[in-house]
Every structure is written in C-alpha cells, then in structure tokens.
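Visitor: One letter stands for each residue in the lines below.
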Amino acid sequence: MLSRRTLEAATAILTGAFGVAVVVSSLNNGIDWSESGVESGTFPFITGTIVVVASLYNLVRGWLRGKGIVATRQGLQRTAALFLPAVLFVALIPLIGIYVGAVLYLFGSLRLQSHLSTVRSALIAVVASVALYVVFERLFQVSLPHGWLGAVLDL
Amino acid sequence: MENFDSLMHGFSIAISVPHIALMIGGVLLGILVGVLPGLGAPNGVSLLLPLTFGMAPVSAIILLSSIYWGALFGGSVTSILFNIPGEPSSVATTFDGYPMARDGRATEALATAFGSAAFGALVGVVLITCLASWIAGVALQFGPAEYFAVYFLAFSSFIGVGGAPPMKTVVSLAIGFAIAAIGMDTVSGSVRLTMGVDELVKGINFVVAVMGLFGIGELLIAVEEELHAKPVSSTIDWRTLFRTIAGLPKHWVALLRSAAIGCWMGITPGGPTAASFMSYGIAKRVSPRRANFGKGEAEGIVSPETADHAAGTSALLPMLSLGIPGSATAAVMMGGLMIWGLNPGPALFVEQKDFVWGLIASMYLGNIVAVILVLLTVPIFAALMRLPFFILAPLIFNVCVVGAYSVSNSYLDVMLMMGFGVLGYLFKKLDYPLAPLVLAIVIGDKAEDAFRQSMLMSQGSLGIFVNNGLVTTLVTAGFALLLLPPLFRSIGLWRNARR
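If you read the sequences in order, they're chains F and A. Okay, so the first sequence: first residue is 1 according to this note's numbering, each after it adds one. Okay, so the second sequence: first residue is 156 according to this note's numbering, each after it adds one.
Check before you lean on any hint, since a few could be wrong.
[Claimed, not checked] The calculated BS3-like cross-link candidates involving lysine-lysine, where the alpha carbons are at most 30 Å apart (straight line), are:
#1 K439/A <-> K584/A
#2 K583/A <-> K67/F
#3 K67/F <-> K584/A
#4 K583/A <-> K450/A
#5 K583/A <-> K439/A
#6 K584/A <-> K450/A
#7 K439/A <-> K405/A
#8 K439/A <-> K67/F
#9 K450/A <-> K439/A
In case anyone wonders, no lab produced these hints; they're calculated from the structure.
With these hints in hand, go ahead and build the complete structure from the sequences.
Guide: What follows is the structure, given as structure tokens:
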C-alpha cells in the first residue's frame, strides 16, 4: 500500500534534487553577464531555481493535503512484475543483445506471469523477435545491438 | 483567394498513390496505438519517427499526422465499447459513450462520436486554412523579443488554464527546460549539465523522453490498474449509423460551442485532453439536457469528441505558423520537422510552400480516410482488446526498447527511456501534466535563444519586453493568463469563507 502523502513527498524530493543538481551544475558555466551576452549557465540556473522552489511548495502541500492511497499492494506487485523483468532485460542487452534478450524476456513474462502454455509463449517470443529483426535489420537497415554474445558468435 | 489556390496546389501534392497509401497505413497504425491503452499518439508518432528520416518531408509529415488522426479516433472506440480510454483525451467520452453502448446503442454511440469528431476536425482544418498563412505573415515581422513573448504566453496559458495544479505544471515545465539545456549550448558552444557523462554532449533526444514518459509510464499505470475489458457488442448496424450521423445537426449548439472551445484550447497549448474535459464540463452546466448527462446522452458524446478533435487539429496551427506546438503530439511532429532539416515557424510558408499546403490538404483527406477506416475496422480492433493486457504489455515494452535504441543507436537512450518511464509513472499518478514537459524539451532551446538574443540587443535590459505595443500586449496577456486564474480562485475561496 502506498499513501498519496508518501508518494507526493518522494516525487517532490526527486524533482527538487534534480533542480539542485541543475543549479549546482549551471554555476560551472557562469550565470553572469559577459561580453557575449548572458552567460550559458544563466538560463539553466533560473529553471533549476524554479524547480527547487516549486518542488518545496509541492512537498509541503503534498504532505499537508495528501490523503488516501494511490496504489494498492496488488497493484504495485503487478507493476513490479512488469517493470523488474524489463529492467533486467535492458541491463542484459550489452551482454546478450536485443534479439536474444527479447526472446528470453517475452518468453519469461508470458510463461511465468501470464501463465500461457510453454509452446504458445515460445511461439509469440520467437515470432515477435524475428519480426523485429526483419523490420529493422532488413527493411530499414537499422542495426540493433547484438551484444557480447553476438560478437562471440560473430553475427 | 490566395489561400484557396495554395490549398488546391496542396491537394495536387497530397492526392497521389504513395501519399494515399501512407495515409491509410498511418491511420491504421494510429487506430492501433489509439486503441491500445499504454500506447498513445505522442508515443506512436515518436516510434515511427526514426523510420521517416529517409523520406521526403511532405511524405513523412503525412504519415505522422495520419497516425495522429487515427489515434484520436481509436481512443474513442475503446472509450465507448470498453469504458477504457485508449487516449487521455478520450476519457471524457467514456462518461456518456459507454452507458449508451451498454444500453445496446453501441452503433449510435460510435456514430455520434465519429460524426462530431469529424466536424471538430473539419473546423480545425478550415481554421488553419484561413488563418495560418496570415498569422505566419504577422510572425515574419517578429524579432527575438516578440518570439520570447509568444513562448511566454504559451507557457503561461499552460500554467494558468491547463487544469493541472499550477505548481506541478511549473515543475513539469521547468524540468523540461533544464533537460532541453543539457548538452552543447548552441550560442556559446560550452557544454552544460552533462554531470560528467560524455555521451550527453549531444543532448537528450525528445523522442526518448516521450517514449518513456508516455509509453512506459502509461504501461505501468495500465498494468497496475489491471484493466478489465468488459466489452459490449461491437457489430455495426449501417442503417443506424447513417441515421445517427444524419441526425447530428440537431446538436448544432453543442457542436459549435465545443468546436470553439477545442480550437481555442488547441491554439493556446491547452491540448486535446484539457479541451475535451472543459467542453464536457461546460456542456454539463449549460445544456438543456444536462439531467441526462452520464446516462448515455448524445450531447455528452458530442461535446468532448468535437472539442478533442478540434483541439488536436488546430494544435498544428501554432506549430506551423509560429513554431510553437499546441499539444504533445504536435511537439513530437515539430521535432521531426527539425530533424528533416525544416525550420518550423513563419518562414515555412515562404520557403516550403509545398510542404505546408501539402500537409494542410492531407489533413482534410486524412480525416476522411480516418472516419472510413475506423468504421470498417471497429470489429477487428475490438477483438484485439479482448487479448489480456498482460500479454500485450511485454510486447509493447519490447517495441519501446527497440524504438528508443533506434533513435540514435545508443544504449544510453534505452536507459534514459527507463528513467523517463519511472518519472512518467510518478507524474501521472500525482496529476503532474506531461505535455508541458515535452513541449519545453522541444522548444526550450528556441525560447532560451530568443531570450538571450533579446538581452544582447538591449544590452541586458528587460525593458526590451515592453518596448513596443505588440510585445507589451503579448507579455501582458501572458501575465494575465498566469496570474488571473489563481487570483479569481482565491477571491472565490475568500468569498466562500466569509459566507
């Protein structure tokens, strides 16, 4: 269960932290007036400051006014069940490439989470990945990453 | 008259076999992304953008805009048949569309929606035809200060009348500006905000941001809320269909009012979503049939649908004539224009006549193609919705990963997209608006350049923004849009407190 108050606060802190990073980083570029006009850090400095101030406002308001629940435990579990394997898939791309990764990811998601039969899951996973290959590598000549595995197999 | 001639010239470009084929393909793809929750028009357009790099600009824009029309129509289909809005802008259509369909009047609901949508789109295109070149002509006189004032006006209207909590809109906008600033600064050549990551020197591509924010973000929300499709019958009865469309003119008050709201919200970047909600809200307050709203009242479908499409279409007016997109999807298309080597803004009307009028003519045709195709394919796409979402979600995710990578063959982009996905999820959950963020990423650099050039011209004096009548009016209007709504709200609160 996730309360609105917690999520409001967490998001405001996240956006505020981004704002602080922008402000600090823009100081390196200079925020003053020079011979060539406004220095290049000025605009980011202003936007960063706006982000920080507005985030503080949202933090206080979200904490004071935030009521109720924004996500149930089951809902969060479903989201995690989609997102975490997806993160793993993306993390493994440099190693096994997009095609092998996509086959494994789709097969795993369909078989384990959607409880499709093994044959169906494998079929959808392979067909989808082959379709990707045909569309990108053949039709549009866009080479997708083959990963370390691809290099080893010399694809 | 000159506009009419140009439009006819545009038709001669748009009516060709390859272009009609692109329209049909684009509309079908658009209906697909519109029907699928978790994939929307901005995302559909950005997924296809990398594939248009080799095309002629006019063909590319016909393809992308057709996707947009298809998505706008597709979103309404699922709203009515499944009570699941395929697009955020068709949420308001569910209020009366689904009850009507549930009562066994699905054909009537769909026909009402498509008929009023087509009317809204037509009003939008006519508006563009009549006004675009005139506005562009005025805008050709603009200097940097006027440009910055127009940008300021656009952003203020987002904050003031966008409908989302104002401070959340401010955060969304300012983050967009900061993201736009990442990478090489176009004026001084110095590198900004890369936080030590060398690859960020080229900046963050807006397509990657859109895919994460809209694609992954919506996917996560859709999975969390576990959409249950409870479909009603989706067979089309042609006789009812034609009778309903023939009977639409009796809602002429609602049609005209909603089209006006839609055009206004499309030109000031409120976007289709805000337009459809606003139109439904106003109809509910002023319609003589307001007691039936929410129970399957035709006017409750006419109002949001007309405004949605009028806004979606007229959002291209400021994009073409000023270089300021009126909606998130228009922002993505404008990014495409820049990639194809065109410079969106008033000069387009002088330098790229074929492109501009080809596009405008294709908007007439594209919407006709969209109405026909959406009617023919309703049963097919309705069947697609019966697939469990848990099977579709990994496939959509996979398409997004490949799409993000193919933008510039960069693995970093895929990781950025995941990050934007989390941000999109948080923002959607907490009512932060996403359109201002995308808009700021796309035109942030231009707004900044306009500001810095104005400052150079005035040697650092802000007086340049009140220098002449035009710029003063624009800046004043911007401040009015920014400050008046909260002022009225606080006066209202204060009055209520005194009672």
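Visitor: Against this structure, judge whether each hint is valid.
Guide: Results of checking the hints against the structure:
no.	hint	in the structure
1	K439/A <-> K584/A	holds (26 Å)
2	K583/A <-> K67/F	holds (17 Å)
3	K67/F <-> K584/A	holds (13 Å)
4	K583/A <-> K450/A	holds (28 Å)
5	K583/A <-> K439/A	holds (26 Å)
6	K584/A <-> K450/A	holds (28 Å)
7	K439/A <-> K405/A	holds (17 Å)
8	K439/A <-> K67/F	holds (28 Å)
9	K450/A <-> K439/A	holds (12 Å)
Checked against the numbered hints above, the structure violates none of them.
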